[in-house]
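**Student:** Okay, here's what each chain looks like letter by letter:
There are 2 protein chains.
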Amino acid sequence: MQVAEVDPIRTKRYVEETFRLLQAKPGVEDILIMNHSGVPVKTSMDRQESLQYACLYDNLKEKCQAFLTKMEPAQTLTFLRVRTKYHEVLITPDAKITVLVVQNAKDSFINIKG
Amino acid sequence: MQVAEVDPIRTKRYVEETFRLLQAKPGVEDILIMNHSGVPVKTSMDRQESLQYACLYDNLKEKCQAFLTKMEPAQTLTFLRVRTKYHEVLITPDAKITVLVVQNAKDSFINIKG
Numbered sequence: 393m394q395v396a397e398v399d400p401i402r403t404k405r406y407v408e409e410t411f412r413l414l415q416a417k418p419g420v421e422d423i424l425i426m427n428h429s430g431v432p433v434k435t436s437m438d439r440q441e442s443l444q445y446a447c448l449y450d451n452l453k454e455k456c457q458a459f460l461t462k463m464e465p466a467q468t469l470t471f472l473r474v475r476t477k478y479h480e481v482l483i484t485p486d487a488k489i490t491v492l493v494v495q496n497a498k499d500s501f502i503n504i505k506g
Numbered sequence: 393m394q395v396a397e398v399d400p401i402r403t404k405r406y407v408e409e410t411f412r413l414l415q416a417k418p419g420v421e422d423i424l425i426m427n428h429s430g431v432p433v434k435t436s437m438d439r440q441e442s443l444q445y446a447c448l449y450d451n452l453k454e455k456c457q458a459f460l461t462k463m464e465p466a467q468t469l470t471f472l473r474v475r476t477k478y479h480e481v482l483i484t485p486d487a488k489i490t491v492l493v494v495q496n497a498k499d500s501f502i503n504i505k506g
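Chains as they are written, first to last, in the numbering used here: chain A, 393 to 506; chain B, 393 to 506.
If you're looking for bench data, these hints aren't it; they were derived computationally from the structure.
For clarity, every value in this text was computed on a predicted model and none was experimentally measured.
The reader is advised that the hints may include incorrect statements.
One copy or two, either will do: identical chains are not told apart, so a pair holds if it fits within one copy or between any two.
[Unchecked claim] List time: in silico BS3-like cross-link candidates among lysine-lysine, alpha-carbon distance up to 30 Å: (1) K477 x K404; (2) K462 x K434; (3) K404 x K453; (4) K404 x K434; (5) K434 x K417; (6) K434 x K455; (7) K417 x K462; (8) K404 x K462.
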């Protein structure tokens, strides 16, 4: 028997609390929370930057979904981690909101000079 | 002084050894290694599936790069992790080859019935 997936409850208070908890984490540089249509609802960035990020992410999510549908049609994206030398973007979409966090990811063991 | 980034050496033997090491890891379901033009050079999948994956990944990488260039132009993708309920795709591109691993990611703490 397949457990029915109930849509999560995401009140304004939930969004504020998520934002507060994330902001308190060490290394977090930016946070962007979007609603299910991809519109920023809470952000640490300025308005312009938030909209740019939201739009870029929307394309990325679309390509990810196409990529996942190739594997098994039932797959939906639950977590996405994009890593560069200095930053890491963590993206957690669910049925109601998408949380995007940009964190500082300098490897302590890579001795980066200059 | 910025440390010059030397292109890594990726011989056929390096590719074979990487493939062997990954295959021995628990939970690994599929492995695809592509050259810098995105052509599969070593894979556990059949030919058709490898080409499909390689093509889908190419789109995904492009969108990721666009996403990262928004942050700071100097950013290049070093690692990508795409997670669904049952699978996780780990992608490690470098200057010469890209290694793509599909692994089983059933959370032991999520009790999935049916």
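**Student:** Go through the copies and call it for K434 and K417: within, between, both or neither, with a Cα cutoff of 30 Å.
**Tutor:** Within one copy, since 17 Å is at most 30 Å while 40 Å is not.
**Student:** Within a copy, between copies, both or neither: which one fits K434 and K455 at a CA-CA cutoff of 30 Å?
**Tutor:** Both ways: K434 and K455 sit 24 Å apart in one copy and 24 Å across, limit 30 Å.
**Student:** Under a CA distance limit of 30 Å, which applies to K404 and K453: within one copy, between copies, both, or neither?
**Tutor:** within (24 Å within a copy, 34 Å between copies)
**Student:** Measure nothing new, just compare the shortest in-copy and cross-copy C-alpha distances for K477 and K404 to 30 Å and report within, between, both or neither.
**Tutor:** between (34 Å within a copy, 26 Å between copies)
**Student:** When no copy is specified for K462 and K434, does a C-alpha distance of 30 Å or less occur within a copy, between copies, both, or neither?
**Tutor:** between (33 Å within a copy, 19 Å between copies)
**Student:** For K404 vs K462, is the C-alpha pair at or below 30 Å within one copy, between two copies, both, or neither?
**Tutor:** between (35 Å within a copy, 28 Å between copies)
**Student:** Given identical chains, is K404 near K434, meaning Cα to Cα at most 30 Å, within a copy, between copies, both, or neither?
**Tutor:** within (10 Å within a copy, 49 Å between copies)
**Student:** How would you label the pair K417, K462 (within, between, both, or neither) given a Cα cut-off of 30 Å?
**Tutor:** between (35 Å within a copy, 23 Å between copies)
Checked against the numbered hints given earlier, this structure breaks none of them.
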